[in-house]
Structure formats: C-alpha cells, structure tokens
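Visitor: Here's the letter readout for the chains.
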Amino acid sequence: MNENKRPIIVFADDDRDICNLIKIQLTSRGFDVYIAEDGEAGLELVVEHQPAIALLDIMMPKLSGFEVARKIRENPALSAVGIMLLSGRSSDRVEADLVGLDIADYITKPYNAGDLVQRINNFINREKRDH
Amino acid sequence: MPQPKIRQPRIVLVAEAKMSKSNSTIDSESMPTSGQSVQHSFWVRVGAWALNAHITWIVLLLTLLATFLVWKSAQEALVQEQQTQFAVYASEMSYAVIERMHINEQVLRGGIGLFAASKNVDRDEWKKYVANLKTYEEYPGIQGIGFSVHIPATRLDAHLRTIRAEGFPDYAITPPGARAEYTPIIYFEPFDQRALGFDMFSEANLRAAMERARDTDGASVSSIVRLVQEAGGEVQASIMMYLPHYKNGAPSNTLAERRANLVGYVYSPIGLSDLMSDILGRENSHTGARVDSNIDVEVYDGTLRSADSLLFDDDGVLDGLEKPLAGSLTLTKKIDLHNNTLSLYFTTRPAFHAAFDNNKPFRLLISGMLLSLMLSGLIWMFAIQRRRALELASYLTEVDTERKLEQDKILLLNASLTEADKIKDAFIENMNHELRTPLTSIVGYIDLAIDDVDAGNFAHIASPLTVVQRNALRLKILIENMMKLSKTGFKYTPLNIATVDVGNILGDLIKSIGPTAQDSEVGLTLRLDSPDGDLIIDGDSNQLGQMFINLISNAIKFTPRNGTVTVVASRSHTESDVVEVKVQDTGIGIPREEFHKIFERFFRASTAIEASIPGVGVGLSLAHSIVRGHHGTITFDSSVDEGTVFTVQLPTRYISSRQIDQST
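One line per chain: the protein sequences are A and B, in this order. All letters in the first sequence, in the order written, are residues 1 to 131 by this note's numbering. All letters in the second sequence, in the order written, are residues 1001 to 1664 by this note's numbering.
To be clear, the hints were calculated from the coordinates, so they are not data collected in a lab. What you are looking at is a predicted structure, and each value in this text was computed from that prediction instead of being measured. Among these hints, one or two may not hold up.
As the list claims (entries may be wrong) - Not close to chain A: a few residues of chain B, all C-beta gaps over 12 Å, as computed:
{"hint": "1", "residue": "A1066"}
{"hint": "2", "residue": "R1123"}
{"hint": "3", "residue": "D1170"}
{"hint": "4", "residue": "A1250"}
{"hint": "5", "residue": "E1434"}
{"hint": "6", "residue": "G1444"}
{"hint": "7", "residue": "N1496"}
{"hint": "8", "residue": "G1507"}
{"hint": "9", "residue": "R1653"}
To be verified - Reference excerpt, derived from the structure (chain B facing chain A, CB under 7 Å, subset only):
{"hint": "10", "residue": "R1436"}
{"hint": "11", "residue": "T1440"}
{"hint": "12", "residue": "S1441"}
{"hint": "13", "residue": "V1467"}
{"hint": "14", "residue": "D1519"}
{"hint": "15", "residue": "A1611"}
{"hint": "16", "residue": "S1612"}
{"hint": "17", "residue": "P1614"}
C-beta: ideal position from N, C-alpha, C; glycine also.
Kindly generate the complete structure, drawing on both the sequences and the hints.
Guide: In structure tokens:
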C-alpha cells in the first residue's frame, strides 16, 4: 500500500445520519471514505475500492453485515481487506466470534470518534508491520 | 367321534397365529391378493371371533358332547359285559352237562370192558364193580348202572331158570306176554328189585335207543322216561344211556354181525333233576361251572319248549314258556346227545343285572357334566379376567394417552415460554439498537457542532443540530412508546378528552416527520378530504398524535426508497359521525398468514426482519390500544411487496358513559 495515499474506508449503515457522520469524521482525519446504506451497495464499494478496512453495521437491508463480511472473506482478491463491525446490539459481537470470520475489531454504538480512529490506525499499522 | 374335539382347537390355534400375523403386517401388505386368501382370512376372522366371543360356550358344548359319548359307550359296555358274562355262564353250564354225559359214557364203557375181560360176569362181580366206581356218589344224576341181556324167545325158559337159580325164585320178565325177543334187566346196582326182569325192549322209546346202540356199536340215549325203579320218591324225568355188548371174540364189524352177536346192553338211567341240581348246586371242580342263582336254567327235551318237554326247572317258574321280562337276557343252548337233543334255556333274573355296576354310566354322565361345567366356568373366569385385563390395558393406554396429552401441553407451554423468552431477548436487542442508533447520531453530530463552535464556524452549526433534533425526536417517540408500555402494560390509559381537529394533529405530525421521509427518499403526502370542521372529534390529542406518528413512521420505515406514503383524512362514507384516516404506503407489506398477529405486542412481521428493518414491535400495538380507547376501530389490508393500508375510524362524539372492556 502506498503510504502517501490516504487509507480507504468503506462504511455501510442503513442510517443515513450515521453514514454522513462517519464520512465527515473519518475524512477530516485523513481517510478516503465511501459510504453505502445497505449491505449490497457496501459490498460493491469494497470490491471496487479494495479498502484498508470495511466498517460494517450489522442490521442492514439486502445483506447484513455478517453476510457482507462472509462474502469479502470468500473473495481471495479481498484478502487484504480488514473488517470491523459497528453495532448497537451486544449479541452481534457474540455472533461475530461464533461465525469464525476474521474480524479485526468490534465497535459499539454510540462510539467515540477518537477511539474509532485509533482502532482503525492500529489495524493499519499492524498490517504494515506484518507485510 | 372325538375328532371335532381335536380338530376344533387346531383350527382355532391356526386362526390365532394367522390373526397375529395379519395384524403385524397390515400396513405393508394390507390387501389380500387372491380370492382364496380373502376366504381364508374370512374363516380366520370367524374362528378368532368365535374363540373370543364364545369360547366358554364352545368348551361347554364340546365337553358335554364328550360326556354324552362317554356315557353312551359306558352303557354299551355295561350291556356288553352282562351279555358276555351271561353267555360265558350258559356255555359253561352246557359244557358241564356234556361233560357229565361223557363221564357217564365212560362209566358204561368200563362195564363193557368188564364183560370183555371176563368169561362170565356174575351178579356179585357186577355189584363190586359198580360199588368201586362210586359213580353214584360222585356224580349225582347217574342213578345206577345195569346190564340187560338179549334173550330170543327160544331161550326164554333157560334164561328164567338160570336167574331163578341165582336166588330169585319169583323172577319173571315184565311186562308179561309172549314176544320174539326180550331184553330184561338182570343186573342193576344199586340193586332195585323193581328193575329186575324189566324188559326195556318192550318200551318203544327205549327199544329205539337200544337198537341204535346195537346197530352202531356206540352209545345211544333214549328220550325222556319216568323211571320206575326209583325207590319211593318222585318220579324223575330221566334219560337212559346204552352201550352194546357183543359176544367175546365174535366179529361186530357189519350190521348183520352186530345183530347176530349181540349179548346185551350196559346201561345207565340219568336223572336230569339230580344232574342239573348237582351242576347248579355246587362248584364243580371238573367243569369249573359256577353257581349263579341270578340266572334261571330250564332244560327241555328236544328243541321245542313245552310243559311236556320240560325236564328240569329249579324255581317253578317256566321262563322258557313266558315272554322274557323287559331288560332280561335269554339264551338257548342245544346239547346233542348222539341221537337226542336237550335244550338248555337260560334267563337272567333282575338280581343278575343288579349285581353289575349299573350306575357307572350315570356316574360318568354326572361327573362328566360337572367337569364340563367346571371347565367352562374356569374358562369363563379366564375370559372375564382376559377381558378385564384388556379393559385395564385400554384404560392404562387412555391414562397414558392423557399423560402424553398433558406432556404435550407442557411441551407446548414450554415452547410458548421459550418463544416468549426469545421475543423478550429480541425486544431487548431491538430496543438496544433503537436507542443506540439515534444516540450515536446525537453524540456524533453534537461533537461536529462543538467542532464548528470551536472553529467559530457558526454558519454551518444548524446542519448538525438539525440531525440532532431529528434523532432526538426519534428517541422521544420511542421513549414515549416505551413509557406507555411500562406504565400501563397496554392497559387502558385515562384519556384527556377534548375537542380536537384530526386535520391539525396530522398537519403538525407531517411537519415534524417530513425530514425523516425526505432522508429516506419516501414521498409523504397528507390529504384532508373535508371541509373545515368536519374532522373535529372528541379525543386525547397527545394519544391520537402518538397513534398517528406510529402509523406514519412505520409506513415510512417499511417503504423502500422512491416509494410513497399517503395519509388521507375524511368523514366516513358509510357512517356520518365517524372520521376516517387512511395511512397507505407502497412498502414491503405483511404476509397474509401473519395478519392475525400484527397488533400483538413485540410482534414483528417476517418481511421486516428479512429486510433487516430495525424496530421493537410495539408501534402498532400502541396504535391499536389508543384507537380502542377512543371506541374506534383500526383495520388494515396488505400485500407483500405492494404495500399496506391502515384505516382508523374514530367516532366524532366520545361517550364517556360507555364503559368498555379496557383490555385490548
């Protein structure tokens, strides 16, 4: 990954206010952010942009966050994509562990913007070290 | 005859075996394939039915039949036994008579032998010979043994002289008269004066017997005679037996020689009364004949029975001439005595039959019937016990079934509790999401607003605050719903009734919810189809507002982008004092099979869950409750992927006296 380029984040959430919020917050902190309001659109964005991180809400129309995550993991071309889940439901975290998907991190709504950014950076730096 | 007794149970056993087989395979091979097997199974069923329903009667019938057969055969055996014993007795008696005759003949042959061995046998020698035989004592009936000599008329005088010289000076031949030949008795022991000189040849009956003896050189027996020589006593019916004595050394091969050389006859009178009495009256070691006073014996001369031909009778009753008594047995034995015949007529007396175990067949019959009844009773008891066991089994099965039903109920209850638990969990999760989502926006956009304030960028501060406001409204609706839920648990909440304009309420709502519809890109339209004042009703404006916002926000939430939500308020077309509000969307719809649950608390349509549309499932419940509180109605119609329309009808006048069932 080119260090000079801004890391790409794809965010999918059916709540438009949250989508806009994330876009504003992450863009101002040095990320390129693409947002989608359902799982299907989110997956398309991931395939198109191959982001550093796909940040996914769980409860979404068309494809749930889990389904998007599974499809990402099933696609070898997307193996470098880190997946973070963003949800308000505590049971989603449990389910995420059970599905056995390689989930990088789990963030609970309402989140703290600084905390979110730090976790994203931690993941990106870890990936850089490993490669 | 015991065949049916054996065959019947066999059929039954086969029937049972077949029955159980057909039972076990009834599902896999239920239909018989050929007519024969149909017939077979029919008889099998008949057999099984008979066995089950009538086994007691069948057993009773069979055992009674068997008893009857045993009784019958015992009776026949009894008769048979009597007949056999009677016949054996008669035979033994007959043989005893014949035996005596043989003995008599032997005795006479001894006399012949004496003559043959001597030149001359004188009176004294004869006397000693007979005395030595002791025949008279040993064999009663043989009344004596004598010798009569053949005397042609030419030698009569010499004969008379000889005998007179032997110490019988008055000796003469009786009956008197001149005849061509004489055969007077010269010896007779035990001596009887009356017999001496009696010319037996003068009696036609005796003469015939004597001539026969002479001509055949063998024993001959006369017909019945009444003996004259018997001392004193009754005249006894007797027969005479003769053996011829020829001249010593002379031939006797031809008839002419026998007639020419005849010397005389050794003879013996046999008293039948004495003979028979002796035979009947004691056990005779020679014959083995037994006394049986229960059998009457009569002896007749010849083959015809008549008073004249009667020779012997021991009881004075001539059974042989009477019709036999009912139940008594009769038998005639004929004894051939050379040229004569004796008939022995046997009759059983009642005592003979009484001596047998005549009650045996009856005893068998009674005990057989008792056994039959006992066996049947036993089987009857078994049958009753079996039926009781079956009843018990069926009762236990019922109990078991009831227990299973109870179990099923418990399982069902358990399932519904599990289901309720799931609903509760889902509700809490959904609540969590519903609270956190707007909160996330509120927190995030306030941060943005603060950033704007910090940066002195007041021009843009309204934008994030609008989002905050919208999400705060969303939270407010949610919290109000929750508060109502928690406070009342869907119980009727007292209404704050006032005169309200439904049109105004809807207008205010559309203004506040409009931005949400815009964000969702759903077209929201309000149409008030009425002149001013027509939509005024008695109602609680807060609760009506909460009801309508639930219906409208639901419609927006479940309508995809570019869909429409249309709210129409009007006077009812059918009822003049009713205001009608329709909320129509082009949303995902509700499956028909879930219609009945749609107003249930926490229920969420499957279409909503599949589309991952968040919610807690209380909006419609509350709306329903509020409409009912206003004595109105709420109905809906829906098609999946086409849309849903809710119709609320509210009466214009709220009649407070109408106390209604407060539960929903």
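Visitor: Each hint needs a verdict: does it hold in this structure or not?
Guide: Comparing the hints with the structure gives:
At roughly 82 Å, the least C-beta separation between A1066 (chain B) and chain A is larger than 12 Å, which holds for a residue marked as non-interface. Distance check on R1123 (chain B): its Cβ is at least 155 Å (rounded) from any Cβ of chain A, clearing the 12 Å threshold; non-interface status holds. With a minimum CB-CB distance of about 165 Å to chain A, D1170 (chain B) clears the 12 Å threshold, and the non-interface call stands. The claim that A1250 (chain B) lies off the interface holds: its Cβ sits roughly 153 Å from the closest Cβ of chain A, which is beyond the 12 Å cut-off.
Here E1434 (chain B) does not stay apart from chain A, with its beta-carbon only about 8 Å from theirs, under the 12 Å limit. For G1444 (chain B), the non-interface assignment is contradicted: its Cβ lies about 4 Å from the closest Cβ of chain A, within the 12 Å cut-off. Taking the minimum C-beta to C-beta distance to chain A, about 34 Å, the non-interface status of N1496 (chain B) holds against the 12 Å cut. With 12 Å as the threshold on Cβ separation, the claim that G1507 (chain B) sits away from chain A holds: the shortest Cβ distance comes to roughly 25 Å.
Against chain A, the non-interface label of R1653 (chain B) holds: every CB pair exceeds 12 Å, the least being about 43 Å. Given the 7 Å rule on beta carbons, the hint for R1436 (chain B) holds: about 3 Å separates it from the nearest Cβ of chain A. For T1440 (chain B), the interface hint holds, the least distance from its beta-carbon to any beta-carbon of chain A being 4 Å, beneath 7 Å. The interface hint given for S1441 (chain B) is met, as the beta carbon of that residue sits about 4 Å from the closest beta carbon of chain A, less than 7 Å.
Annotation: interface hint on V1467 (chain B) holds; nearest CB of chain A at approximately 5 Å, less than 7 Å. A least Cβ separation of about 5 Å between D1519 (chain B) and chain A falls short of the 7 Å threshold, and the interface hint therefore holds. A cut of 7 Å between beta carbons decides the hint on A1611 (chain B): the least distance to chain A is about 5 Å, and the hint holds. The restraint placing S1612 (chain B) at the interface with chain A holds, with a minimum CB-CB distance near 5 Å, inside the 7 Å limit.
Using the Cβ-Cβ criterion of 7 Å, the hint placing P1614 (chain B) at the interface with chain A is satisfied: the shortest such distance is roughly 6 Å.
Checked against the numbered hints above, the structure violates hints 5 and 6; every other hint is satisfied.
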